[in-house]
Amino acid sequence: MIPLLARLQLDRPGRRGLTLWLPLFLVWLILAPLLLTLWPLFAVGCLIARIRPLKATGALVALLAATSGADLAIDRSGASLRLRLL
Amino acid sequence: MHEERRQILGMLADNTITALQAERLLAALDEAPGPDAAGPKRKPKYLRVLVEAKDAHNPQGVRVNVRAPMQLLRAGVRLGSLIPPRAWEEANKAMRENGVGLDLSQLRPENLDELIDQLDELTVDVDQDSTRVRVFCE
Chain A
31 MIPLLARLQL DRPGRRGLTL WLPLFLVWLI LAPLLLTLWP LFAVGCLIAR
81 IRPLKATGAL VALLAATSGA DLAIDRSGAS LRLRLL
Chain B
2 MHEERRQILG MLADNTITAL QAERLLAALD EAPGPDAAGP KRKPKYLRVL
52 VEAKDAHNPQ GVRVNVRAPM QLLRAGVRLG SLIPPRAWEE ANKAMRENGV
102 GLDLSQLRPE NLDELIDQLD ELTVDVDQDS TRVRVFCE
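Residue numbers (this note's numbering), protein chains in the order written: chain A, 31 to 116; chain B, 2 to 139.
The following block holds chain B by itself, in its conformation from the complex (with noise of 0.2 Å):
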């Protein structure tokens, strides 16, 4: 970028171009993204789970590979918000009576969409003996 704006001021000391040129040129170079810019990131479309169980009746095992749209779990969140109040009550009740104290009411739809546009940085591996777990956002 520097070495660009060199360039034309040199052109302009040079009179090859005019002031007026120079000065599109250098508005163009500001607008332009940089080389490191990144680009609009892409939301994740797709939740994948994969599960990979073995035992000794299976030696091959099982494998479940199940694909769910993140619209899904928008569409699940929406649904949430149709609960009535005394449901929020009765649901907060039992957590509180468990010693979590969140006030579940509280949770905004828009929260949850926030909370599902950050799921894609989410990976979950789970191993153990036999069973291999992996969620993640694609």
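In isolation and in its complexed conformation, chain A is listed as follows (with noise of 0.2 Å):
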């Protein structure tokens, strides 16, 4: 499943954790229809590409369904930085 929410936690030394919890089903709804109105573009790229522009949209979906679950964590200089997709 695509991820829907992110978290990004940012500490710092002598100061205050911030955590931020970031609504990308909102990203996915904005982005939709801008993303609906530019495929038929995206197809005949592929097209001249000689790519099946269905299975190169599926495989697109299925690479931003896969990064659900992803971490990243940077630790530098005591402050840190983590983001996780949801």
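Take every hint as true, because none was put in to throw you off.
The calculated label-pair distances, taken between Cβ atoms and stated as ranges, are:
{"no.": "1", "chain 1": "B", "residue 1": "118", "chain 2": "A", "residue 2": "62", "range": "32 to 42 Å"}
{"no.": "2", "chain 1": "B", "residue 1": "61", "chain 2": "A", "residue 2": "84", "range": "46 to 56 Å"}
{"no.": "3", "chain 1": "B", "residue 1": "132", "chain 2": "A", "residue 2": "80", "range": "37 to 47 Å"}
{"no.": "4", "chain 1": "A", "residue 1": "108", "chain 2": "B", "residue 2": "136", "range": "17 to 27 Å"}
{"no.": "5", "chain 1": "A", "residue 1": "54", "chain 2": "B", "residue 2": "136", "range": "23 to 33 Å"}
{"no.": "6", "chain 1": "B", "residue 1": "51", "chain 2": "A", "residue 2": "56", "range": "28 to 38 Å"}
{"no.": "7", "chain 1": "A", "residue 1": "75", "chain 2": "B", "residue 2": "77", "range": "13 to 23 Å"}
{"no.": "8", "chain 1": "B", "residue 1": "118", "chain 2": "A", "residue 2": "108", "range": "36 to 46 Å"}
{"no.": "9", "chain 1": "A", "residue 1": "73", "chain 2": "B", "residue 2": "100", "range": "36 to 46 Å"}
{"no.": "10", "chain 1": "B", "residue 1": "74", "chain 2": "A", "residue 2": "80", "range": "23 to 33 Å"}
{"no.": "11", "chain 1": "B", "residue 1": "44", "chain 2": "A", "residue 2": "107", "range": "32 to 42 Å"}
{"no.": "12", "chain 1": "A", "residue 1": "51", "chain 2": "B", "residue 2": "77", "range": "26 to 36 Å"}
{"no.": "13", "chain 1": "B", "residue 1": "29", "chain 2": "A", "residue 2": "102", "range": "44 to 54 Å"}
No wet-lab data here; the hints were simulated from the structure. Backbone N, C-alpha and C fix where the C-beta goes; we use that ideal spot for every residue, glycine too.
Join the two chains, each given in its own frame, into one complex according to the hints.
Here it is, written out as structure tokens:
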């Protein structure tokens, strides 16, 4: 399933930690009409490159859906940043 | 297992159980997994990459911890199967020019899927003076 939420945690030494919950589902909702409008152009580009448009679309959606559960944490000089896709 | 079979046969000899009951018990023993039988192998779900690096400017170092779902690798493999044949030919040509006689067009998604499935045994440990990299599946 495509990630619907992202959690961003930022900790800095001597400062209060920050946790942000990002509603990715709103981003997909906003982008959906734009992507649907641009899809015919994408399909034409795929056909020119001799790639099946529907297969390419499915592969890209699968790639996006596979990012759910990804976790990135960076610690440097006592500060830390963590991003998790849910 | 042999002890249990002996017990069943002993009970049959003592007429404690009938032949039909003994047969059922022996069949149940044959179906039951042994004590050393392993359970279903758990497929790894994530690829973990840990990097620790220190330098003169940053004695505390930088630590990077990335967890990528294995599904992402599989989805990437499917994306690779969309590459048109002309691109494969050019890639093969470039590899041949550099002495690598590998035909990328012969690679199938199911081969790469099988390779990904075998990654659960993979562990990469790189230790240099101030850098440490670990890659493993979990």
